[in-house]
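Line by line, the protein sequences are chains A and B.
In this text, residue positions in the first sequence follow our numbering: the first is 1, and each later residue adds one.
In this text, residue positions in the second sequence follow our numbering: the first is 1, and each later residue adds one.
Please note that a few of the clues may not be correct.
Said to hold, decoys possible - Reference excerpt, derived from the structure (chain B facing chain A, CB under 8 Å, subset only): (1) T28; (2) S32; (3) V47; (4) F54; (5) G136; (6) P412; (7) L417.
Don't read these hints as lab results, they were simulated from the structure.
Built from N, CA and C at the ideal position, the CB exists for glycine as well.
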Amino acid sequence: MGNEELTEQETALYDRQIRVWGVDAQRRLSKSHILVSGLRGTVVEFCKNIVLAGVGSLTLNDDRPDAIAIPWRSLPKRVSKLYFAMRVLERFEEAEGRNPGETSTADLPIVLKLRKDLCEAHSPSEAQIPDSLLERLLASTTEFPPVCAIIGGILGQEVIKAISGKGDPLKNFFFFDAVDGKGIIEDISNTNTHS
Amino acid sequence: MASDLSVIEGAKLLMVGAGGIGCELLKTLALSGFKDIHIIDMDTIEVSNLNRQFLFRQSHVGQSKAKVARDAVVRFRPQISITPYHANVKDPDFNVDFFKQFNVVLNGLDNLDARRHVNRLCLAADVPLVESGTTGFLGQVTVHAKGKTECYECQPKPSPKTYPVCTITSTPSKFVHCIVWAKDLLFAKMFGDKNQENDLNVRTSDAASSSEHAEDVFESKKDEDIEQYGRRIYDHVFGYNIEVALSNEETWKNRNRPRPVYVRDVLATELIQQNGNVDKDLVAGDPLSVSAMASLGLKNPQDVWSLMENSRIFLEALKLFFLKRQKEIGNLSFDKDDQLAVEFVTAAANIRAASFGIPLHSLFEAKGIAGNIVHAVATTNAIIAGLIVIEAIKVLRKDTSNYRMTYCLEHPSRKMLLMPVEPFEPNKSCYVCSETPLSLEINTKRSKLRDFVEKVVKAKLGMNLPLIMHGQVLLYEVGDDLDEDMVANYEANLEKLLSELPSPVTGGTILTVEDLQQELTCNINVKHREDFDEEKEPDGMILSGWTQPPAAEKDGKESMGNGASTSSASQAIPLETIGDDDIEIVPVVTEGVAPERKRKLSDTSNAVTSDLSSVEHGTSSKKKPQEIDDDSDVVMLEDGDSGISKKKRLR
Numbered sequence: 001m002g003n004e005e006l007t008e009q010e011t012a013l014y015d016r017q018i019r020v021w022g023v024d025a026q027r028r029l030s031k032s033h034i035l036v037s038g039l040r041g042t043v044v045e046f047c048k049n050i051v052l053a054g055v056g057s058l059t060l061n062d063d064r065p066d067a068i069a070i071p072w073r074s075l076p077k078r079v080s081k082l083y084f085a086m087r088v089l090e091r092f093e094e095a096e097g098r099n100p101g102e103t104s105t106a107d108l109p110i111v112l113k114l115r116k117d118l119c120e121a122h123s124p125s126e127a128q129i130p131d132s133l134l135e136r137l138l139a140s141t142t143e144f145p146p147v148c149a150i151i152g153g154i155l156g157q158e159v160i161k162a163i164s165g166k167g168d169p170l171k172n173f174f175f176f177d178a179v180d181g182k183g184i185i186e187d188i189s190n191t192n193t194h195s
Numbered sequence: 001m002a003s004d005l006s007v008i009e010g011a012k013l014l015m016v017g018a019g020g021i022g023c024e025l026l027k028t029l030a031l032s033g034f035k036d037i038h039i040i041d042m043d044t045i046e047v048s049n050l051n052r053q054f055l056f057r058q059s060h061v062g063q064s065k066a067k068v069a070r071d072a073v074v075r076f077r078p079q080i081s082i083t084p085y086h087a088n089v090k091d092p093d094f095n096v097d098f099f100k101q102f103n104v105v106l107n108g109l110d111n112l113d114a115r116r117h118v119n120r121l122c123l124a125a126d127v128p129l130v131e132s133g134t135t136g137f138l139g140q141v142t143v144h145a146k147g148k149t150e151c152y153e154c155q156p157k158p159s160p161k162t163y164p165v166c167t168i169t170s171t172p173s174k175f176v177h178c179i180v181w182a183k184d185l186l187f188a189k190m191f192g193d194k195n196q197e198n199d200l201n202v203r204t205s206d207a208a209s210s211s212e213h214a215e216d217v218f219e220s221k222k223d224e225d226i227e228q229y230g231r232r233i234y235d236h237v238f239g240y241n242i243e244v245a246l247s248n249e250e251t252w253k254n255r256n257r258p259r260p261v262y263v264r265d266v267l268a269t270e271l272i273q274q275n276g277n278v279d280k281d282l283v284a285g286d287p288l289s290v291s292a293m294a295s296l297g298l299k300n301p302q303d304v305w306s307l308m309e310n311s312r313i314f315l316e317a318l319k320l321f322f323l324k325r326q327k328e329i330g331n332l333s334f335d336k337d338d339q340l341a342v343e344f345v346t347a348a349a350n351i352r353a354a355s356f357g358i359p360l361h362s363l364f365e366a367k368g369i370a371g372n373i374v375h376a377v378a379t380t381n382a383i384i385a386g387l388i389v390i391e392a393i394k395v396l397r398k399d400t401s402n403y404r405m406t407y408c409l410e411h412p413s414r415k416m417l418l419m420p421v422e423p424f425e426p427n428k429s430c431y432v433c434s435e436t437p438l439s440l441e442i443n444t445k446r447s448k449l450r451d452f453v454e455k456v457v458k459a460k461l462g463m464n465l466p467l468i469m470h471g472q473v474l475l476y477e478v479g480d481d482l483d484e485d486m487v488a489n490y491e492a493n494l495e496k497l498l499s500e501l502p503s504p505v506t507g508g509t510i511l512t513v514e515d516l517q518q519e520l521t522c523n524i525n526v527k528h529r530e531d532f533d534e535e536k537e538p539d540g541m542i543l544s545g546w547t548q549p550p551a552a553e554k555d556g557k558e559s560m561g562n563g564a565s566t567s568s569a570s571q572a573i574p575l576e577t578i579g580d581d582d583i584e585i586v587p588v589v590t591e592g593v594a595p596e597r598k599r600k601l602s603d604t605s606n607a608v609t610s611d612l613s614s615v616e617h618g619t620s621s622k623k624k625p626q627e628i629d630d631d632s633d634v635v636m637l638e639d640g641d642s643g644i645s646k647k648k649r650l651r
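Same shape as in the complex, but just chain B (with noise of 0.2 Å):
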């Protein structure tokens, strides 16, 4: 249409992410007519991003992600203006200011943090988001507009799932509980930063020892060869400490025993002694290409290896850990990439696993769980990249009565593949873009502002830059410019509890906590409370006046997160949120008067009558014959060209 060739010439777009959905993203909007883009992207191309970010080759490994985007771009649009930031959009540069030169902004993000953050961003600049996310075959595309319709976090999003640690350390039920203990306590403690705090049982005790006594497992013996330890770590972890967790009978009342595994136990005298062929088939030089399946001929990652073949692996790979990348031994993360890393996990968690009863999972499917990855396919970025333009489009022209979010379902929902929905108005009570005050219940004599900045400000309110004030007191911020005494200042105030702060912090106080780059303010209502229970509040406060976010498994106890919040939150929306008798189709009305948002209706039955069930259900219709009718977008044929004259609608 011709308006619209002008908005989007004359448009001013920022893309934020330039991977799955982006890369489809810039290619449909460049093909659009758009002239003016600006993409922020921090991560460099890897390997397995080619089956779906085409812009981008093999040879770019390595590189920028919106570099390359926009070179690829500009080859077949030249006339184009595109401007690449390798960088993170919480970068404090990408300030209101900056956003505020945008007409609209489109997200293609993999994570909840930065959602939540460039939606505050959006809320201060006064410019529409439009977001998005898609996994496997589901998608979704969202209009947020300030005022008009609910902000992105007016509907709690569902946070990274978390484990309790006594089911990590003590009770796993469940294969991904294994590879949390493999990943973030085994891998952590014996290849990661020592004097970091473990929940692994690290000391051997007699019954004479006491504490001071105790040796730590995990030093190396004087005259212990590689092999050696390995066994006798192998030993330690998944037969003493079994042993040990066994020996509390109240633990196993109502759960299946765990079995402790012992090297003896698995692996025949003569394969203990010559495990793998190191120096044979390894390529030289490189250390990731060091790889416990090569050396013992494991080929295939979908294979789901016997204990023998686990316990094999595990000890391998851990001996070529010590021999060939042994600098690295300290400092080592896990990286799903990291081939050796992954091998090591995967058996460790088998053994642990095959210990309690678990069924055992191939390196294929334990890497996806442990490296939390997505899966990911071309066609649906490739659709939610065209519905993402549709969108902007129709927030370019202001078109705010024909905003719609659209869910991609695998399978249709009443004939539709493609399902829009009207946006809700904003949610009142969302403390994000409603400013609703919120309430904290806590020990103010027993927890530390710490306490309160990580778990409260940063954790919950996502928060990245915060400042804390007690009226004009303030008690604690972040920032480049502050002078060293306010820094030891702050990071003293960090350490006292709530109640003994220089402005001290008792029932009935009000804190102001702010982010000054996301302009957002909170006003906490602090009460004093004694006690929580240990299991069902173990975080020691409660914030309320907001909505929690569904988080599946917590039973109360302290928790474990599963790595970084990438896959849940790149995920489309849970469907059960748009079932197939809730959804609220409403038709287009023909007035020319703007519908007005509704909140959503539970109960259906009042609901406004679907396009297709109006038919289906002979509702009628409510208009007269001579008026177009739009309740329906169907029509009833009869049969043949007799030319009988025409039957009534349906009714």
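Just chain A, same shape as in the assembly (with noise of 0.2 Å):
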């Protein structure tokens, strides 16, 4: 391993994001050592991000990135319309056996026929949830460029904290939709602490 601190050269390039979050956080950073996995636009902007930032290193690797998933059960009781949309196509691709986001405004009335389902279980209304909103969902299957950088902005500032160890993480599901512009913080942890 090299010096502990930092080169001249280094303080010069990072002036002025040391300003922003200390000479020791960017420290941290350049020992760090980030792995990422499957590789479309907002991954490919937070790859950008975290290499401005100063890592040590960076390790690509393209492979199909795994759903997670919790049980319904465990889900907050107050949650966004667009999140419930998303569980419901995500329901769905399972049911299917389709992969993420392989799909189409044709699997409408599947989905449609889910949404009732799924409404009925935990009870809001199917016309919360408008059909608008998961035709939407199942025809957005190509990446948006400008939401690829907010979604890899996000994420670089995440990933930068949680190296740094200087902020609070968000807790704990980000989720940006273009059409109202709103970036919301969902907290879907299993600690059941809402009222």
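Put the two chains together into one complex; each comes in its own frame, and the hints tell you how they fit.
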């Protein structure tokens, strides 16, 4: 391993961000090693951000990412419509043996039926989860570069926080909808402290 | 979406700024399929840019940002057309006709001045403007469409912080006051233009001498070597000047008295003789690598030096300027990338701070303050760039009802890290987009035209190339094509009192002030007023009919700024305007009628219910159960798959 301190070159190069998170954080970043899996638009944006942050090394792995699902029962009592709709879709993909994102608007009839079932089980009225929302989620299988930049930026910030130890991690699920422009943090962790 | 693609491919965009936001924006635009982009930036690339302006590399330092950015993007999008301009956007070439060729203008600027200028040109050309800014983890994107939303100047922006002169020269209470003193007074006096007026006390006087005999301390004496000179300057500015200030009892009645500092108090005699190792550690040749820190072995810019160490740095830096950079003396202005200048200013500010009982700071901190450095990271710029492109597409699709002002927060507010807000209607009393007449109170018998031009027309009204008319008479104008007689005439007018101008300006006069490039015209009603409070109204003139920007530290006296107007202007809009309870989050209306832009309501109890609070506070949704419930983004879940009949939504 090299010197503990940042070199003069690094201090000059990272001056503007050292003024944000401090020298210690920058040092920790320079000693960190990142593994990235699955090279789609958002992840590529993230890679750019984390390299600019000054990490020690970056390893790229282009495998299929695993979907992370938690059982319905552990969801908090209050969730965004969009999140609920996304889970409907995920349930659909699971049931039909599709890969994540491998959907089209032709799937809408089956998805609507699934929505009916899930709403009955969990109480929101079907009217609260509009057809149009589900249709939009089914149709958007390609990436939209501005959204990649936004998610890649948020992801970059989270990883920098984790490595540097500075700043609270977001808790614990972030999503962005370009249609309404909101970037929302949902807490879908298992701790049931919601009222 | 298919309809998006055609507007994107047919669009012609102007980007102003190819820096932090600019690089991310150009990349995102290119990846999103835009084909014709023009980009203006007057700067060249510096090392400190490279942590976030990722289109640039070390090898590009010194080159034009606009050009290098273009070359970088063309490498991964060969079919794209990017036209770079290495120029200042305020240049007369970028006139209204130039702006008219674009469908939308995207700003990625770092100063208020240029933003105001572009705002006016966009209004004149009737081209929508997407504005943006970032500082650290904060950022915002705003949309400005003439006649439909506020223009960039409808809500006044805070102008750069200034400090009263006496605070800087006599009664500093914060470290920044010491920095301004060290940079704009001491450094300027010693190394800058000697003919420039300066508020530093430079004369010694003994009881008997009159002002003609008082000498300028900064002139070096015969037979005085550089070390002696340095110590004499030190004693004068940190010792003698403080004694002089202390002699005025009034000043210190309610303030802590400073203590004078002399070289003999701080440095042991042996050290005085052999301050630094001038010859040993220097890199030969390159003047910019000359450093007092290196010479004295003080390596870490993050260390807070003691009074003694600061004193040694001060004397060493002074010596190095005179020994190694003699030629530049008399012409130097402070540059944050000039290591020796930063060392000098840091040391001087710290010694003064020690004198006044103000905490000392490291070189790293001092440099940030003196250089108005904005802290910046790549991720915020990436997020903002994404948001800019989303708004730009809405503009191209003329999707007016969906325009949003979006704020990027460091900590979530009501679960939101990215918070969109509907734009407001134009401000009817905005003199930029609504042509409100203004009023000026001024003493027409004591103020010169020059005062009016500098303080009102350029500073307050932000005009670049103004034209001043009284009725049919042209009192003043700027331009390249003026003939000598006219120029002489205008110069003469500047020195005249308002009431003594060829076309006298008195109470009741209406002056018309214009900037042809910005296509901005202001009519000003002049009111004569005899007296102004020196403390509260130091300019001797009051402009009204126009909402004043909140300038923080103005306690009235003649002001001094801390360098260029970069930092405050590039920051995100102060968040006191968007506190937790003030946000009006308007739900999307389902009927398909564009919601009317509202004036922001200061009393939130009347505000439209926010999406999230309608569940929290139990206010009803007002809609019937069968309709699509768009009042809230949130649904309530009941546990389990037991199939119990659905409960009603929480009321």
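Quick one: which hint numbers does this structure break? Sort them smallest to largest. none
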